[in-house]
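Top line first, the protein sequences correspond to chains A and B. Those letters in the first sequence? Residues 1 to 115, per the numbering used here, in order. Those letters in the second sequence? Residues 1001 to 1111, per the numbering used here, in order.
Read the hints as simulated data drawn from the structure, not as lab findings. Glycine included, each C-beta is placed from N, C-alpha and C at the ideal position. Treat the hints loosely; a few may be bogus.
Computed Cβ-Cβ distance ranges for the label pairs, DEER-style [as the list claims (entries may be wrong)]:
| # | chain 1 | residue 1 | chain 2 | residue 2 | range |
| --- | --- | --- | --- | --- | --- |
| 1 | A | 85 | B | 1039 | 20 to 28 Å |
| 2 | B | 1025 | A | 76 | 39 to 47 Å |
| 3 | B | 1103 | A | 12 | 27 to 35 Å |
| 4 | A | 64 | B | 1042 | 26 to 34 Å |
For the chain B half of the interface with chain A, some residues (derived, Cβ under 8 Å), not all of them [stated by the list, open to error]:
| # | residue |
| --- | --- |
| 5 | 1044 |
| 6 | 1046 |
| 7 | 1049 |
| 8 | 1091 |
| 9 | 1098 |
| 10 | 1101 |
Partial chain B-side listing against chain A, Cβ under 8 Å, derived [unchecked claim]:
| # | residue |
| --- | --- |
| 11 | 1032 |
| 12 | 1034 |
| 13 | 1042 |
| 14 | 1043 |
| 15 | 1092 |
| 16 | 1099 |
| 17 | 1103 |
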Amino acid sequence: DAGVIQSPRHEVTEMGQEVTLRCKPISGHNSLFWYRQTMMRGLELLIYFNNNVPIDDSGMPEDRFSAKMPNASFSTLKIQPSEPRDSAVYFCASSLGFSSNQPQHFGDGTRLSIL
Amino acid sequence: DAKTTQPTSMDCAEGRAANLPCNHSTISGNEYVYWYRQIHSQGPQYIIHGLKNNETNEMASLIITEDRKSSTLILPHATLRDTAVYYCIVRFYNQGGKLIFGQGTELSVKP
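Isolated chain A, as found in the complex (with noise of 0.2 Å):
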């Protein structure tokens, strides 16, 4: 079965570009979760949907970051402008509903460096 697919792996760009990560959840899954990964910070959780609806964005630190979610299949996380202290790895998992009992399901990750 196919996991959770994210791209692209990698992403390199200067500050004050426009970045885009995407991230397709596991068919049938209908929560979808991003968090970010760095050495200071480790793993935090920056917004999760329910059915396609945002339900908790508190973790997202800025203004420049917004998430969507426009169908089952599909969100996408950006950063506009970015800075380089958004340089991290930034992970996207799914599950069937965010019950406490329902385990989430994660990516390899986008690992993306501003310069």
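Given chain A, work out where chain B should sit, using these hints.
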């Protein structure tokens, strides 16, 4: 939120059982214990979770003490590919989707 305490690192010989402990003394009755692992350069991988009873799947076993204040993840026959950081997470029932990752245990399986 219930917090977890794990050893920073552990070693295990290849082919032997790896027993990874986790303390969660402030856990409440409706919180699940989850285990994930992260192999270098990959996303976190779900291993197993449980509420009160011991659980087993094709990857591992989860032993939860009767008072639920600690648990042990058991990899029955560790291989070199099990070298990873293992995270024990207590997940509150009404936290929605949130998984709060701590520092985890870095397990090194040695030949």
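How the hints compare with the structure:
Our hint of 20 to 28 Å for residue 85/A and residue 1039/B holds, since their Cβ atoms are close to 26 Å apart. Range check, residue 1025/B to residue 76/A: Cβ separation about 41 Å, and the 39 to 47 Å hint holds. Between residue 1103/B and residue 12/A the beta carbons are some 28 Å apart, a value that agrees with the proposed interval 27 to 35 Å. Against the hinted window of 26 to 34 Å, the Cβ-Cβ separation of residue 64/A and residue 1042/B comes to about 27 Å, which satisfies the hint.
The interface hint given for residue 1044/B holds, since its Cβ lies 5 Å from the closest Cβ of chain A, which is under the 8 Å cut-off. For the restraint placing residue 1046/B at the interface with chain A, the shortest Cβ-Cβ distance is roughly 4 Å, inside the 8 Å limit, so the hint holds. The closest approach between the C-beta of residue 1049/B and any C-beta of chain A is roughly 6 Å, which is under the 8 Å cut-off, so the hint is satisfied. Against a cut-off of 8 Å between C-beta atoms, the interface hint on residue 1091/B holds, since the closest Cβ of chain A lies about 5 Å away.
Checking residue 1098/B against chain A by beta carbon gives a least distance of about 5 Å; that is within 8 Å, so the hint holds. With its C-beta approaching chain A no nearer than about 4 Å, residue 1101/B sits inside the 8 Å limit, and its interface hint holds. Given the 8 Å rule on beta carbons, the hint for residue 1032/B holds: about 5 Å separates it from the nearest Cβ of chain A. Annotation: interface hint on residue 1034/B holds; nearest CB of chain A at approximately 7 Å, less than 8 Å.
The beta carbon of residue 1042/B comes within 5 Å of a beta carbon in chain A, closer than 8 Å, and the hint placing it at the interface holds. Given hint, residue 1043/B at the interface with chain A, holds; its Cβ is 3 Å from that chain's nearest Cβ, closer than 8 Å. Proximity of residue 1092/B to chain A holds as hinted, the smallest CB-CB distance being about 7 Å (cut-off 8 Å). Because the smallest distance between the Cβ of residue 1099/B and any Cβ of chain A comes to about 6 Å, under 8 Å, the interface hint for this residue holds.
Because the beta carbon of residue 1103/B sits about 7 Å from the nearest beta carbon in chain A, less than 8 Å, this interface hint is met.
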